[in-house]
Amino acid sequence: MTEVRPEPTSDPVVDAHLVVERSRFQLDLKLRIDAGEVVGLLGPNGAGKTTALRALAGLQPLTAGHVTLAGADVDRTDRRVWTPAERRPIGVVFQDYLLFPHLNAIDNVAFGLRRHGMDRRTARRVATTWLARVGLGEHARHKPRQLSGGQAQRVALARALAVHPALLLLDEPLAALDARTRLETRAELHRHLTEHDGATLLVTHDPLDALVLADRLIIIEDGRMVQEGDAATITAQPRTDYVARLVGLNLYRGTAEGRTVRIDDRFALAVADPTQGDVFVAFPPSAVALHPHQPDGSPRNTWPAVITGMQRHGDNLRVQLDGPIGVAADITPAAAAHLHLIPGRSVWVAVKAAETRAYPADTRNQGFRPTPP
Amino acid sequence: MVRAVRQDAVARSEVATPPSRRTQRIPAPLLLPAIAGLAFLVLPLAGLVIRTPWASLPQRLGESGALTALRLSLQTATIATLVCLMLGVPLAWLLARVEFVGRRAVRALVTVPLVLPPVVGGVALLLVFGRKGVLGAWLDATFGFTLPFTTTGVVVAEAFVAMPFLVIAVEGALRGADDRYEEAAATLGAGRWTTFTHVTLPLVAPGVAAGAVLCWARALGEFGATITFAGNYPGITQTMPLAVYQTMEGGDLDGAVVLSLILLTVSVTILAALRDKWITSA
Amino acid sequence: MTTRGIRTAVAALIALALAALAACGNSDDNAGPGPVTATSGAVTGTVTVFAAASLTGSFTQIGKDFEAANPGSKVTFNFAGSPALATQINEGAPADVFASAAPKNMQTVTDAGNGDGAPTTFVKNQLVIAVPRSNPDGIKGLADLAKPGVKVALCTEQVPCGAAAKKALATANVKITPVTLEQDVKAALSKVRLGEVDAALVYRTDVKAAASDVDGIEFPESANAINEYPIIVLKNAPNRAGAQAFVTLVLSDKGKTVLTQAGFQSP
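Protein chains in written order, with the numbering used here: chain X, 299 to 671; chain V, 356 to 637; chain R, 5 to 271.
Among the clues, some could well be false.
To be verified - Computed list of lysine-lysine pairs in DSS-like fashion (alpha-carbon distance at most 30 Å, straight line): (1) V:Lys-487 x R:Lys-179; (2) R:Lys-78 x R:Lys-171; (3) V:Lys-487 x R:Lys-260; (4) R:Lys-68 x R:Lys-170; (5) R:Lys-170 x R:Lys-144; (6) R:Lys-170 x V:Lys-487.
These aren't lab readings, by the way, just hints derived from the structure by calculation.
So that you can see chain X by itself, here it is in the shape it has in the complex (with noise of 0.2 Å):
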């Protein structure tokens, strides 16, 4: 994203403690959204994001906390106040899009501009503009059922946004198309939430969406908040094992003593930055060179490892190594070949210092265990 964020010149449209509690998951998030702000949820299945979307759209009551939308508080358990979904300022993409199957593209998008006052042909009127502007002017009387995967996505796009919601939400807008498809609609999504005045709460667990559509990250893994900024920031230094798998990097933690990091105590690396104390250390598959024997030279982290999986990752192999920390090497087919590279075969790692980077870690991030992408 390179939009540069307005400063908040006012209260956020959304405001919110989301605290819901089922028989064997908790989400506790706190949320906090402005004007023009596209904030992205983005974790792993089950963390407890369609959860948190839903209890702002009003479709899942909270257990305690509360939700404050364009200033009036629509959910507040310790004082009683509940404003279902009807009478909420928003508008919901779903990731079945969830186009009334009955009524046709111009009906879809009039639907909720109906529902909120407006005579038929006024209705009527403002959905084509709205079609128009998603370009399927032409698909006006088509029905749901004659719209490709990506038409219908614009159309449901288009009718959550016709109503003027204060807050928007989009709850894996992308997930049900394919990857042309999804590329094309991404960039327009973009466009249009750029124009979107109202606040933007984008649910999914595409990086990508992620960096391409979202002003703010928050990373929620397990029904809390691990990791929030902006993308750049925590792409470059994640805080957890999923970002960092999503961004394809070996992550670990140590504690930093200048230019080393022992991880444990048989085991330690040797990073480029100089730092001190509780440390996260990364570097990509990329990094990671793989050789027969113990390589003598200058790479200072070296050390024996055991091949345990490969596959194909794009045009390189990803090969999975066990050893005193487990690590994903990316390496050409050729390389791979010309070192004989089976599963269970003994080779040494080696990674440059130089491409490691070392930043300070959060107490706030508990439970941490290094796993390789």
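Model the placement of chains V and R on the given structure of chain X, informed by the hints.
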């Protein structure tokens, strides 16, 4: 991923039998009982057609009694179906969507008219709505109006026996419907009633239509409850089934066959036209 | 399994099912198919009697007397409207005896050649006005039935009771519009008992049988529409000896007593 799946399907279809050859290999354990079932249903009807006194048919058809009974039957069955729709659809919604104490008992109660012999149903209706009935006595005292021996009484009797068909069909349709559309409607500002009329009902419309057709057919053929509760008088309460029965009881078998044939032809025509329409509209 | 194999299996199953049904159907007849005249002249076996609905009470009693006099015998009844019974007999229903509420329906049976010999008239029945107990509407005659607000149940014209009612009303020159036309006299009477109608034209015997619930109002015009009840043994009776014995009992003094007590008149 999508491309790979598509290729797989193409490969599979090239190996499997093309449709035209496949239909010739309908499994015998299915085909034979199906044919037996069809014969079981069709043979009695064929018997009626064969036994029809074709020679005297035109003159019998002209008898005003037959047409009056037919008109009454069609009117009462249609009104009874409308009553069932107005009362049955909300009941079905209650059973399908609201969790309340005793829901299972209520659902069982709804099917009682199916199990009850229609004559017993008629007696039960008399006990409630008859001149000395629990509610009927009050109706008589307050409005001077009773249901027995009136066309309204016929509608009540028909609605009583036919409603379970509608409720069960609509409840099934509602259960099968995706309630996420209702959530979507709520997020767009639709209240519960608006969601029901603008989203839920259109989605289950085919199921409601099928239930209404069944309901109408059952109401049209209703006999026992009608004759017990509403009585038998031409033009007012003598529906076609009652006319057939009276003709039979009067010893006129041929006459009864003719009336039955008329009822059969009219109802099969209407049902065939309707069901097709509702089934093929995807 | 081949198609032919399946066809054979299904055919065998159907044959088995039919055989089982036939066996079931006959299992009631535990005393054996044909009549057996025992040495004392007593009859055994089942006697099937088709009788008009108005004979329900009296014939049931006569049937019990018959079974007492003929140990090992059983009398089963089919009480219904006379025209329906006639149709059933002509269509081949297995009956031994037919007792009709009017000569017309008996003629239907004898004209079709299903009667054995000539029918005998054994009782007569007369119409009365049945009203709820203690005559709340103060009905005194046919003319009162035509008053507005009085709900009357009649039998349909096609059954003897209804034909008699039509005749009687014509004689009295009274035109009433009934609220319902019932298929047999018992159904008309039950409408009075239930309180759904204020009056019905039924037989004296029906009112007598329901004396606790209804009162009967005599009217002079009923004399013009008396129903004669004929009885006959049927030609294809499965139990001819039993049939003849039953008819003999009906015509005997014993039978006459039962019938007169029920309210019938001697022929």
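*Go through the numbered hints given earlier and state which of them the structure violates, listing their numbers in rising order.*
Of the numbered hints, 2, 3, 4 do not hold.
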